[in-house]
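Using the hints, position chains B and C against chain A.
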Amino acid sequence: MNWFKYSAPQTFYPLAGTLAKWFFAAATVLTAIGLYISFFVAPTDAQQGESYRIIFIHVPAAWMSMLIYLVMALWAGIGLAFNTRLSSMMALALAPTGALMTFIALWTGSLWGKPTWGTWWVWDARLTSELILLFLYLGFMGLHAAIDEARRADHAAALLAIVGVVNVPIIYFSVQWWNTLHQGASVSLTKSPTMAATMLTGMLVMTFAIWAYCIAASLLRVRAIILERERRAEWVAKLAEVRS
Amino acid sequence: MLVATGLECVRGERSLFRDVGFSLAPGTLMRVMGRNGSGKTSLLRILTGTLEPLAGEIRWHGERIAALGDGYRSELTYLGHQNAIKDDLTPVENLLVSERLAGTQITDTAARRALQRVGLSGFEDTPTRALSQGQKRRAALARLESRKTFGLWILDEPFVALDTAAVSELRKIIEERLATGGIIVMTTHQDVPITSPAVHDLRLGA
Amino acid sequence: MSTMIEAAPKASPDLIGAYCCIVQRDLRLALRRRVDALNTLVFFVIVVSLFPLSVGAEPALFRAIAPGVIWVAALLASMLALQRLFASDYADGTLEQLLLAPQPLGVMVAAKVTAHWLVAGLPLVIAAPLLGLQFNLPADSLGVLVLSLMLGTPTLGLIGAIGAALTLGLRSAGVLVSLLVLPLYIPVLIFGAGAVEAAASGLGAGPHLSLLGAFLAAALFFAPWATSFALRISME
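Quick note, the sequences are listed as chains A, B and C, same order. Per our numbering, residue 1 is the first one in the first sequence, and the count goes up by one each step. Per our numbering, residue 245 is the first one in the second sequence, and the count goes up by one each step. Per our numbering, residue 451 is the first one in the third sequence, and the count goes up by one each step.
Same shape as in the complex, but just chain A:
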């Protein structure tokens, strides 16, 4: 099978549509299973009571937020290095999903913080880094949106994403250092008592669910971007969904 065939927007467009359907289906099934485990199977935490259950969304979202940034920078870098349009479109399609995951991680983190730490927001190293990650996503999308010429937008945003990736470890390390100087988090997720096997299962299932959702959402978005960029092309005019 020739994979390079799918590096052309025209051939990738229908493939993305099929894949998106399957990933959405997977996301739905996995979410149902994951939520069932999270709410009905996993035991109540001895220290934190029921409020800990938010980590079943929080932790997968936080993982995804970081992973998506890396993947986005990778696609953007490929687009920059080889001038492949589809890679840049993939990067652009991933950004909003990444930002959404970052936002969910922050939001659920703050919901968890209120009963646990007694406050909505704590300048904890993880929270602060996550907030900065959100700014990096917003910068990527803002820069791309501000440039009219598609190629310049792709390349400029790609360079920004790469500079961001280089900086993320430095930022994380700085924030960690700064945080230990000022205050330590009173309860940390890693320090919580060893996790029950069911909790871990629930978290893993939810991680796969969110993974599937992110892939499906990005594929749908990349389809929209392809249509927008190629709207003058002949093959787009022939599509059933465009003609109707």
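Simulated from the structure, these hints should not be mistaken for lab results. Check the hints yourself; a few may be wrong.
Unchecked claim - Quick list of simulated restraints, FRET-style, between CB atoms:
(1) A/Ala233 <-> C/Leu488: 14 to 24 Å
(2) C/Cys470 <-> A/Leu239: 56 to 66 Å
(3) A/Ala233 <-> B/Asp369: 49 to 59 Å
(4) A/Ala25 <-> B/Arg258: 37 to 47 Å
(5) A/Ala25 <-> C/Gly656: 55 to 65 Å
What the hints assert, rightly or not - Here's a subset of chain B near chain C, in silico, CB distances under 8 Å, partners left out:
(6) Ser318
(7) Tyr322
(8) Gln326
(9) Asn327
(10) Ala328
(11) Ala374
No residue lacks a Cβ here, since even glycine has one placed at the ideal position from N, Cα and C.
Structure of chains B and C alone, referenced to chain A:
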């Protein structure tokens, strides 16, 4: 020898031109013609290497210009729409800076002589801000005087804003360069007769 | 003297000459437009002076927040000055000529950032101790403050140049450049203000200053290269 093959340019949504090619021997003048918006300036910027063509390639003495990099740029002079002149500097200061960066270090006297040739006597030390549009253009053209050894001149509408005296002086400068084996690519709307060993006309968007 | 101008295409481009030429040109331009340079300094002083008015006049509190306040103000002032870095060169076409010059673009970017720092950064470093005095900072903290700004503000300029190059000629460049650049400024802010705090609390600012130095070295190495890349993208 400047050879271009299969150049294609798309700006935004519009395809400006495709499959443009030419081969220019030393002493050739290429006039790029076409309506407004036909991609003349884009073609010149592709030739300078600033703008990447969607397809096609350009070779200078047999080597791709992207591979030559600074080697190509050290033989290239480009005069764009903008004069690339600092309003807060005088013509002499502007010329000294631009020549230093182009690698053709010139003396103060040489700079003044070049400015005199393009008709800026008496304005050498006036801040450029106080000069007229035509005088600013002349200050930019003074660069050509010290770039006589450069193999390739790319001029975008060099005659714009010039009066008849300046036009004929510039014509002379161009003809001298062509006679000594330079390659000149230029766009122009004015019909200025230039005697040249070889002329190549390229019409875009025909 | 012959009337012909000697201009043989050069074998080895004169990097130092070109670097000095741009620094000199930009300093001369700044000298002829003194207001621009002064604006950054005035902005810095005003922002710092606003804090006492907003948090009340309590000396102990002042001393605690002074390093952070002065550093945030310096950071904002540097960011504000970024828009001037390439804007006028872009508008009058000299930037395009820089891209076409036969020297590595990175060297010329470094020259522009140097001149920019001398005009917009150095005055902040010099003014900072005076503002520190306003906030009752002890003498040795003032020394560390100057040192941290000396190492930190060039880093801000170098990182900022990437943002300025990416947003070249865009309508919303001003706001956008802050969005792009501020997250990247955070490490410098943390260790810059941290150095002064550490000195004030008697911990010794050595580690902080070394890290600031390391950031500067890394930025000197990577930023001009990334900026020239960004300029080539933006000038297409």
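Results for each hint:
no.	hint	verdict
1	A/Ala233 <-> C/Leu488: 14 to 24 Å	violated, 54 Å
2	C/Cys470 <-> A/Leu239: 56 to 66 Å	holds, 59 Å
3	A/Ala233 <-> B/Asp369: 49 to 59 Å	holds, 57 Å
4	A/Ala25 <-> B/Arg258: 37 to 47 Å	holds, 41 Å
5	A/Ala25 <-> C/Gly656: 55 to 65 Å	holds, 58 Å
6	Ser318	holds, 4 Å
7	Tyr322	holds, 5 Å
8	Gln326	holds, 3 Å
9	Asn327	holds, 6 Å
10	Ala328	holds, 4 Å
11	Ala374	violated, 13 Å
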